[in-house]
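Asker: Residue numbers (our numbering), protein chains in the order written: chain A, 167 to 502; chain B, 167 to 502; chain C, 167 to 502; chain D, 167 to 502.
Each hint should be verified, as a subset may be incorrect.
Since the list gives no way to pick out one identical chain from another, each pair is judged satisfied if it fits inside one copy or across any two copies.
[Said to hold, decoys possible] Mimicking EDC-like on lysine to aspartate or glutamate, the simulated pairs with C-alpha atoms at most 20 Å apart in a straight line are:
hint	residue 1	residue 2
1	K367	D441
2	K207	D388
3	K367	E443
4	K267	E245
5	K351	E443
6	K207	E443
7	K185	E288
8	K367	D210
9	K267	E379
10	K207	E224
11	K207	D441
12	K267	E295
13	K267	E224
Read the hints as simulated data drawn from the structure, not as lab findings. Predicted, not measured: the structure shown is a model, and the values here were computed from it.
4 protein chains.
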Amino acid sequence: MIRAGIFGATGYTGYELVKLLQRHPQVDVVFATSQSFAGQKLSDVYPQAPHLPLILGEDAPLDAVDVVFLCLPHAAAAETAVTALTAGVTVIDLSADFRLKDANTYASWYDKTHPAPHLLAEAVYGLTEFTRAQLTGARLVATPGCYPTSILLPLRPLLTSNLPITGPIIADAKSGISGAGRTPKQNTHFVEAHNNFSPYKIGRSHRHLPEIEQVMGWFRQDTPPLIFSPHLLPVERGILSTIYVNFVERVTLEEIRPYFTAMYANEPFICLLPDGELATLAHVTRTNRCAIGLTLAGNTLVITSAIDNLVKGAAGQAVQNMNVVFGIEETTGLTV
Amino acid sequence: MIRAGIFGATGYTGYELVKLLQRHPQVDVVFATSQSFAGQKLSDVYPQAPHLPLILGEDAPLDAVDVVFLCLPHAAAAETAVTALTAGVTVIDLSADFRLKDANTYASWYDKTHPAPHLLAEAVYGLTEFTRAQLTGARLVATPGCYPTSILLPLRPLLTSNLPITGPIIADAKSGISGAGRTPKQNTHFVEAHNNFSPYKIGRSHRHLPEIEQVMGWFRQDTPPLIFSPHLLPVERGILSTIYVNFVERVTLEEIRPYFTAMYANEPFICLLPDGELATLAHVTRTNRCAIGLTLAGNTLVITSAIDNLVKGAAGQAVQNMNVVFGIEETTGLTV
Amino acid sequence: MIRAGIFGATGYTGYELVKLLQRHPQVDVVFATSQSFAGQKLSDVYPQAPHLPLILGEDAPLDAVDVVFLCLPHAAAAETAVTALTAGVTVIDLSADFRLKDANTYASWYDKTHPAPHLLAEAVYGLTEFTRAQLTGARLVATPGCYPTSILLPLRPLLTSNLPITGPIIADAKSGISGAGRTPKQNTHFVEAHNNFSPYKIGRSHRHLPEIEQVMGWFRQDTPPLIFSPHLLPVERGILSTIYVNFVERVTLEEIRPYFTAMYANEPFICLLPDGELATLAHVTRTNRCAIGLTLAGNTLVITSAIDNLVKGAAGQAVQNMNVVFGIEETTGLTV
Amino acid sequence: MIRAGIFGATGYTGYELVKLLQRHPQVDVVFATSQSFAGQKLSDVYPQAPHLPLILGEDAPLDAVDVVFLCLPHAAAAETAVTALTAGVTVIDLSADFRLKDANTYASWYDKTHPAPHLLAEAVYGLTEFTRAQLTGARLVATPGCYPTSILLPLRPLLTSNLPITGPIIADAKSGISGAGRTPKQNTHFVEAHNNFSPYKIGRSHRHLPEIEQVMGWFRQDTPPLIFSPHLLPVERGILSTIYVNFVERVTLEEIRPYFTAMYANEPFICLLPDGELATLAHVTRTNRCAIGLTLAGNTLVITSAIDNLVKGAAGQAVQNMNVVFGIEETTGLTV
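Work out the full structure: start from the sequences and follow the hints.
Answerer: And the structure:
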């Protein structure tokens, strides 16, 4: 049994992770931390949750676990990672701290000096389908952002192909409101959100943009720039990204689809939809899937890509990463 | 033209009132206050709102208005009422401060010593259909709570009848989330509320209980006790109260209905539904109506009563009261 | 392994059942029928569903299964039950056909002559917590209605107690829209339902009333009449019933609670909430639980009772019944 | 007073139109038709509606009206238009029948031979801000589609400018579910839609595509192709279109914005948002506004454009057109 600790168990991502780990047949949850609810139980915060005691992060018994999951604010996550690694514990970070490889880029997007730049090179970017080899036995995993997961998975087959893409690539993304976190804010108030739909940080201003472009750069030199437009969607969970990729010349779906099939046909969590079927949230909510639909319109490929932001976009992918790190069957504890 | 000022214009009730008054053909909105947004405009808070400047309450030019509407927290409202009355301005209060006639009852339910107990006797309880005569020319009006409005309107014909009611009377009420106010809280977070439905302060513990029972007592001696169960409903606006009244002996709808008709047939805002039709939120949202349906089941009358909590339950009724106070046509500026 | 067939797999209840049975470690789903979608796969109807072939009911291989679940319209269910029983297959019916013990009562509420009145005596009413002994080895199980489950579970400890109840008992119930079935109707249209809340068939006119009163009668002679008011709630799933029980004289929670504890403390699916905590949908959605909260107000006990209408109110309880019938651990395959 | 008749008053567009016309100070609603509800009243269909009698279309007294509004299915609208024009009545059509100027294009997109091709040249495309001159005194007006309105309004200043646009132009549009009409369908069932978000007919397959491209062609020769992706959004009303326009070379917002200001600064219904503010549904629901936000990202202009699909996208714009046709103040009866 893998002994696991969860830092930050009371946010939406942390709670989703607790639920997944409690059902995981090869994991024991040893502790869960919460700075706000320490001394209470997780069931005091969520009525369906188990009666898991919540402790302060500084009281976490690192010597009793094999792995910790960090569902902490950025910067706090990196500091905890240092402590955990020093104690010999594997770290699966769900914050943004180890996603960007460059400390200066991090500083400019996250308004903080990186607390542990020496670890950036070692951290494995845990978009599992991309980095399995490096994940095996890794000490430090950076679980990708939710939007990046939904956008990078369908872009990779195109970027690694020789298809003649011309930019910009446009990703028009819509996220359920759990993506905004559990802390009540005006824009997550039911009355403001329920009959509304609103774009935010569109163009080139959202923090997930440099993360996506960094990974795009791994797959093709001179990748076109990304225009990324997130929107707040009045549902609890799920991300749908509608992605537009232009080709220099006419290409057919018959030419495009094999790149996707070759890369994903055997991937348990990638659901390539047949011609004419579009990805929707209903394909993926409460699963670790990414559903991908392909539509060609003139010289433009319109990709619909759907994930559950809390599962494949966060806690599920973290568990998938843990499975690979510890060498157990990758789908264990996850809904295919 | 009636010159009006609004204290507390940025809450849901205040904004609803601004919208109603701006459309009212006999009102000029002279000022609007906000402690949090003073210096900004109302359009900075709500994207559809007019560019109304927001000022601090203490800067409000009381000498420039005939009437003020108080959409303030309790206690703060009473203090502002004293100032406004001293300045010779009519006060229409939408807080709870002048609803209860007894300062001790107020203190025990609202955890504050009443700031102006000497005004309690003068304040007119502005459930307009009940107190028109006293409202005409009144200086100080206490606009009722939203739940009390939805419950008292259908109860009055029964209480003033000689029908043999036996207690307790049960009011199972469901309110849209705007009733919880604009300040973000955990239970109004979209993710917590959207797929949920939750009772709160049920039985005899909600602050509207003493208000309802006080008014019930005006209509019948030895009224039965009220059991009042509010629930939080995942819609933006609207209250549906399902009310159960037991009779000592069998009574027919033919005997009951005339009491309602006699009292309400000519009321412009009371919509008595025909036999077999039940009140729903769809009957009333964005109107100043109260829809009432009557269903007899054995010796129990089941009343369905619907209002829009922000209109007939708050801002609309406040305008209706203003119309009566100033002697203009009662329906002016309101949706019948 | 128990070999199971599902009749009517494409409705909301049928699909919920497929999901539960596919995860059940001791069940093989052998066939699934659909009159509308025969020839297609369940994944053509629900994007997350397995690729389960759908066949016509008349083509179902009854000789290949040990048990069938009937998620069929009433009357059709009884006819299929006869066929299945004749073939020696255990029947777990989720329709209303075998819930009422009296064929005349059935005829008057369901507008049909009962197709198999000779089976009514044998059919076991499968509110599992009530009838475990009879369920073991039963050939024919009538899974209760969703509203009756939410109302009868908390009423039983009161009815079997010697507490001095006086009538009527009032059950004000609110159900998510999946309870109205998958066939599109005007009142389930998103635009009609989303910002609405509406009572329907209130008082003594809903088909679940005779079912509830029948079972109440098993527990106490001269039970008070029930007033039952269902409402359509704009959420996908879940029922919250707020139930009002009056006592002839003052009773304390300390006197009441032991009756609940004695009956339910060891029940895996009954979640008795501590004093002051009220049941909400959030306690139960996607679980087989019934959460029960008790609040005393004067001489009235206000019970809040929540279930997931598709799980404990239908498919989950059907699986729970199957577990008991076949002598396997009752919680197998279900979320406690 | 303008005497008006409404064909097809019980759909969402028809009912919205009734509400607008009943409040319009210079219109008398003389009749309203419904093939499904003839003989009943509009209040039998919508609980807040006026008690307007519904008659069969063939019984409509065309001699008693000055103008008719057609909220009918395509083809049926054209046939009624012929009859009304013959009777000397002005026609404001809200269907698709007179939007496309070419009968062959119509036939290929709407699967019908156009019933009245001789009227296509005369029909004025009523995107009011574009065609005011032709609308004055027109006999036949084609009110644009909802998506085209939201997309064409912000595109026009760019297309008539000399800014160096390079294609394709991408319009990623999200519509509330009232856009799918009142007839219940599987995809508008509350349970299917409420927690879902789904693209449909994306790329170059939706019927509004040829309409948009036709009008784009009026403003610039060699317009780039449009990629148009509609999505079904779980709200009642509102369309947000996120539109991506690429420039051949870097252009600044300071160069772009004057084209918008010049065209729209004095338009009462066009709300140009300041730099940094993005259009949301909250800007426009229940108004006749179009809110437009401009964001530059590299060489791409990201436009956010919001309307209420039932108002500026249908009934409101129809009334705006009527006002112009009859020479009355354009904003009469509409919410600016």
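Asker: Determine for every hint whether it applies to the structure shown.
Answerer: Going down the list of hints, with the structure as the test:
In the homo-oligomer, the alpha carbons of K367 and D441 lie at most 20 Å apart only across protomers (13 Å), although the nearest pairing inside one protomer, at 32 Å, exceeds that limit. For the identical chains of this complex, K207 and D388 are neighbours neither inside a copy (51 Å) nor across copies (44 Å), given an alpha-carbon limit of 20 Å. With identical chains, the CA atoms of K367 and E443 are at most 20 Å apart between copies only, with a shortest distance of 10 Å across copies and 30 Å within one. With identical chains, the CA atoms of K267 and E245 are at most 20 Å apart within one copy only, with a shortest distance of 17 Å there and 58 Å across copies.
Proximity of K351 to E443 under the C-alpha cut-off of 20 Å is restricted to the inter-copy arrangement: shortest distance 19 Å between copies versus 36 Å within a copy. Taking CA atoms no more than 20 Å apart as the test, K207 paired with E443 passes between copies only; the shortest distance there is 15 Å, against 44 Å inside one copy. Proximity of K185 and E288 under a CA criterion of 20 Å is satisfied in neither setting, with 29 Å inside one chain copy and 41 Å between copies. Taking the shortest Cα distances, K367 and D210 sit within 20 Å of each other only across copies (18 Å), while inside one copy they are farther apart (34 Å).
Taking identical chains as interchangeable, the C-alpha atoms of K267 and E379 lie at most 20 Å apart only when both belong to the same chain, with a minimum of 12 Å there against 44 Å between chains. When the C-alpha separation of K207 and E224 is checked against a cutoff of 20 Å, the pair qualifies only within one copy, where the shortest distance is 17 Å, while the shortest distance between copies is 45 Å. Within a single copy, K207 and D441 get their C-alpha atoms only as close as 48 Å, which misses the 20 Å cut-off; across copies the closest is 17 Å, which meets it. In this assembly of identical chains, the alpha carbons of K267 and E295 lie at most 20 Å apart only when taken from the same copy (19 Å versus 50 Å across copies).
For a Cα distance limit of 20 Å, the shortest separation of K267 from E224 qualifies neither inside one copy, at 28 Å, nor across copies, at 53 Å.
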